[in-house]
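Take a look at the letters that make up each chain.
Number of protein chains: 2
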Amino acid sequence: MLQERTLFVLVIGTTDVSLIPGITIAGATPELTMFTPAADAEFLVNGRCQVINGVPITPDGIPSPTIISRASLNLTGIPSLVVNGGTRVKPIGIPFIEVGGEPGKDIRQGALDKEVVLRVRENAERLGRQLSRGFDTLIIGESIPAGTTTALSTLLALGYNALGKVSSASPNNPVNIKESVVKEALTNLPEDRIERLSKVSDPMIITASALAEGFENKVVLAGGTQMAAVAAVIKEFSPGKMKDLSIWTTKWISQDKSSDIMGLTSEVGVKVEVSELDFSRSKVEGLKAYERGYVKEGVGAGGLSLLAMKMGFTKEEVVREVEREYEEARNEKI
Amino acid sequence: MLQERTLFVLVIGTTDVSLIPGITIAGATPELTMFTPAADAEFLVNGRCQVINGVPITPDGIPSPTIISRASLNLTGIPSLVVNGGTRVKPIGIPFIEVGGEPGKDIRQGALDKEVVLRVRENAERLGRQLSRGFDTLIIGESIPAGTTTALSTLLALGYNALGKVSSASPNNPVNIKESVVKEALTNLPEDRIERLSKVSDPMIITASALAEGFENKVVLAGGTQMAAVAAVIKEFSPGKMKDLSIWTTKWISQDKSSDIMGLTSEVGVKVEVSELDFSRSKVEGLKAYERGYVKEGVGAGGLSLLAMKMGFTKEEVVREVEREYEEARNEKI
Numbered sequence: 013m014l015q016e017r018t019l020f021v022l023v024i025g026t027t028d029v030s031l032i033p034g035i036t037i038a039g040a041t042p043e044l045t046m047f048t049p050a051a052d053a054e055f056l057v058n059g060r061c062q063v064i065n066g067v068p069i070t071p072d073g074i075p076s077p078t079i080i081s082r083a084s085l086n087l088t089g090i091p092s093l094v095v096n097g098g099t100r101v102k103p104i105g106i107p108f109i110e111v112g113g114e115p116g117k118d119i120r121q122g123a124l125d126k127e128v129v130l131r132v133r134e135n136a137e138r139l140g141r142q143l144s145r146g147f148d149t150l151i152i153g154e155s156i157p158a159g160t161t162t163a164l165s166t167l168l169a170l171g172y173n174a175l176g177k178v179s180s181a182s183p184n185n186p187v188n189i190k191e192s193v194v195k196e197a198l199t200n201l202p203e204d205r206i207e208r209l210s211k212v213s214d215p216m217i218i219t220a221s222a223l224a225e226g227f228e229n230k231v232v233l234a235g236g237t238q239m240a241a242v243a244a245v246i247k248e249f250s251p252g253k254m255k256d257l258s259i260w261t262t263k264w265i266s267q268d269k270s271s272d273i274m275g276l277t278s279e280v281g282v283k284v285e286v287s288e289l290d291f292s293r294s295k296v297e298g299l300k301a302y303e304r305g306y307v308k309e310g311v312g313a314g315g316l317s318l319l320a321m322k323m324g325f326t327k328e329e330v331v332r333e334v335e336r337e338y339e340e341a342r343n344e345k346i
Numbered sequence: 013m014l015q016e017r018t019l020f021v022l023v024i025g026t027t028d029v030s031l032i033p034g035i036t037i038a039g040a041t042p043e044l045t046m047f048t049p050a051a052d053a054e055f056l057v058n059g060r061c062q063v064i065n066g067v068p069i070t071p072d073g074i075p076s077p078t079i080i081s082r083a084s085l086n087l088t089g090i091p092s093l094v095v096n097g098g099t100r101v102k103p104i105g106i107p108f109i110e111v112g113g114e115p116g117k118d119i120r121q122g123a124l125d126k127e128v129v130l131r132v133r134e135n136a137e138r139l140g141r142q143l144s145r146g147f148d149t150l151i152i153g154e155s156i157p158a159g160t161t162t163a164l165s166t167l168l169a170l171g172y173n174a175l176g177k178v179s180s181a182s183p184n185n186p187v188n189i190k191e192s193v194v195k196e197a198l199t200n201l202p203e204d205r206i207e208r209l210s211k212v213s214d215p216m217i218i219t220a221s222a223l224a225e226g227f228e229n230k231v232v233l234a235g236g237t238q239m240a241a242v243a244a245v246i247k248e249f250s251p252g253k254m255k256d257l258s259i260w261t262t263k264w265i266s267q268d269k270s271s272d273i274m275g276l277t278s279e280v281g282v283k284v285e286v287s288e289l290d291f292s293r294s295k296v297e298g299l300k301a302y303e304r305g306y307v308k309e310g311v312g313a314g315g316l317s318l319l320a321m322k323m324g325f326t327k328e329e330v331v332r333e334v335e336r337e338y339e340e341a342r343n344e345k346i
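Which chain is which? The protein sequence lines are A and X, in order. Using our numbering, read the first sequence as starting at 13 and increasing by one per residue. Using our numbering, read the second sequence as starting at 13 and increasing by one per residue.
Rather than coming from a laboratory, the hints here were simulated on the basis of the structure. Mixed in with the good hints, there may be bad ones.
[Said to hold, decoys possible] Some, not all, of what chain X presents toward chain A, calculated at C-beta under 10 Å:
{"#": "1", "residue": "N58"}
{"#": "2", "residue": "V101"}
{"#": "3", "residue": "I104"}
{"#": "4", "residue": "A136"}
{"#": "5", "residue": "L143"}
{"#": "6", "residue": "S144"}
{"#": "7", "residue": "G146"}
{"#": "8", "residue": "A301"}
{"#": "9", "residue": "N343"}
It should be emphasised that the depicted structure is a prediction, and the values quoted were computed from it without experimental measurement. Backbone N, C-alpha and C define an ideal beta-carbon position, used for all residues, glycine too.
Just chain A, with the same shape it has in the complex (with noise of 0.2 Å):
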């Protein structure tokens, strides 16, 4: 019998959506997002940063989900590679592949050329090929400020039922926001599906959607409501693909108020887990806030705390690895 070979692909991205004041609180100020998903990236595979000074916890103590993630891929001992959707400020202390992608511009002026996502979808199928020869699940996560908005331009641009239904990282929801943003993001939609979504998305979900399709094997997308908006573009190119595909995501996500990620992926057609991960007993305070509605998921925290727990680690020592990296980190910023 085959050992089951799991991979772990982080998809980084930046959209110019994160720029507009009280969209996401994934950084700082606005303009601090757009070094948010390499940071992101550097933490998980080094357990530091070197775009930005310091570590990936805000001035309150609240830890970036990579931490989540770092803490799983240690107990797991998985392997995992980062893909450079598009970022404005890449990654410098790591390896990443690169897919041909560019930084999402502002959805209402066009994210991206129609020839940038049909370059970057060819390159991330063709690296979802050449992976499912090696491995026989590839779990996807996701590092993008602002990516519950332009998930929702997605959605709604592909048909969806989805306004009001996609998360956030912030306990209040800037629905408001989003929605005013995303409503003059889709006046005059071109037909042709490719430049709708050139036009609406962001490069994590062209770069992720296609990594996927190309991946002959079984695809977990992990994360929150963005993951829908994968999920739905797949299903636009590859319907055959649905069957191989799950999402997996947060309690913080399933329960959270303010969106429906049961509802969204109802709609679309692809199955939810839900990782029971809770910092309701941490002694860490940053942590207990994910049980306030902050952050909530990313760089496939749910996810990989989920495989951790299916692979036979507890809730409890999953906690204790994130805990024990929060303090590292911690201490290295001291």
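Knowing the structure of chain A, use the given hints to seat chain X on it.
Showing chain X alone in chain A's frame:
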């Protein structure tokens, strides 16, 4: 029992040494040698090139060894990835991994900055470590025009008796040009080993050696005398790795009278295995040129064809698949 999983990684690089007239034939003009590694990589993955028009076959009909490597990958079904060690011209039509490298400058003026070498070593080692979580064997190939000259300077700088022992893609090894360039490069060598390598080596040697050092299982260096230089660097920094290391090459290299891979590798202390791939009875004139000393090796051709034979394909089956790839490429050209 685990199924053995093997990955091929092609490391591409450029060195400005290839701009010196007469030093290499891996490109129609010195300037065009800068396109060769990207074109080799694109053909390997896609069966066609995008950085150049057409296919990697000379006007005389002699193909790049990437045709042998692609044919062998078709037969073996193993996955492949491309790592950009540092190139003036990057691939367009394929995914590839960045490790923070830069193109190599002329070794007479110093090939690379020390910081670049340190960064690439760190990133490539990390990549190797990640890949060893998923694969049992890593086969590393190379494409870098004028790479035998930088291999010579690297071996000499590390104290090996390498004069007259490195090979060439030409049937008339331009030994005098190579040795006069290397002699100039070796004046005023710094004491520090990393500074020494930074001055006289190339992005492929730096990247491939660090990748191998990071990979925790079996490593095959698939190439000619350049791989003796890679092995020498590995021995310098990770002597414990030597027991997991071999070089797999072609019989065109092992039988080359103008070089001495057996002498070099026995001095370095690395095992060599030889692919008996033979084109003397091929119906393709361009392939028969290999039997007259043209090309000889590159893009992992020796190692990948040997792998195919170890997996049970006959020499004739490999030749037939190479001929098929060749004809397909030629037809695409017309």
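Violations among the numbered hints, reported as their numbers in ascending order: Numbers 2, 8, 9 - these are the hints that the structure violates, sorted from lowest upward.
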